[in-house]
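J.: Sequence:
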Amino acid sequence: MTARIYRPARTAMQSGTAKTERWLLEYEPERPREIEPLMGWTSSSDMKSQLKLWFDSEADAVAYATRNGIPYRVEQPNEAKRRAISYSDNFKFTRLGQWTH
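Heads up: take any position in the sequence shown, counting from 1, add 19, and you land on our numbering.
Hints are computed from structural coordinates only; laboratory data are not their basis.
Be aware that a few hints might be false.
[Unchecked claim] Have a look at the derived ranges for each label pair, beta carbon to beta carbon:
1. S62 - P96: 26 to 34 Å
2. T85 - A28: 20 to 28 Å
3. Q69 - L115: 51 to 59 Å
4. F110 - T61: 46 to 54 Å
5. A28 - T61: 22 to 30 Å
6. S62 - R101: 39 to 47 Å
7. R114 - K38: 32 to 40 Å
8. R114 - R92: 44 to 52 Å
9. S63 - R101: 33 to 41 Å
10. Q69 - R102: 20 to 28 Å
11. E55 - I89: 28 to 36 Å
A virtual CB, placed ideally from N, CA and C, is assigned to each residue, including glycine.
Kindly generate the complete structure, drawing on both the sequences and the hints.
T.: In structure tokens form, the structure reads like this:
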């Protein structure tokens, strides 16, 4: 079973970058989830899918995986491209569009 080492992206409910600096090691599922015929709930007999290990750096996570003989793959994070904008730019004289109420 292969482990995936990555730095999770922020959730849609976050505007900041809290909880995105740590690295996560989690196992990829061996089998797909099944639907129980009685209640219709999804279930899995894969116990390693519940395991999540947090690390302070990528090197710590890779060292843990190699020390314990876990095959892994590292996914590098995509950094957010933010452009610097300011509220006062809405009222500049050189603004391209008209400013209206």
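J.: State for each hint whether it applies.
T.: Verification of the supplied hints:
1. Separated by about 31 Å at the C-beta atoms, S62 and P96 satisfy the suggested range of 26 to 34 Å.
2. Separated by about 25 Å at the C-beta atoms, T85 and A28 satisfy the suggested range of 20 to 28 Å.
3. The supplied range of 51 to 59 Å is met by Q69 and L115, whose beta-carbon atoms lie about 53 Å from each other.
4. The hint said 46 to 54 Å for the Cβ distance between F110 and T61, and at roughly 53 Å that hint holds.
5. About 24 Å separates the C-beta atoms of A28 and T61, a value consistent with the hinted range of 22 to 30 Å.
6. In this structure, S62 and R101 meet the distance hint of 39 to 47 Å, their C-beta atoms being roughly 41 Å apart.
7. In this structure, R114 and K38 meet the distance hint of 32 to 40 Å, their C-beta atoms being roughly 37 Å apart.
8. Hint check: R114 to R92, Cβ distance near 47 Å, so the stated range 44 to 52 Å holds.
9. The hinted window of 33 to 41 Å between S63 and R101 holds, with their beta carbons roughly 38 Å apart.
10. A hinted range of 20 to 28 Å is violated for the C-beta pair Q69 and R102, which are about 40 Å apart.
11. The given range of 28 to 36 Å is respected by E55 and I89, whose C-beta atoms sit roughly 30 Å from each other.
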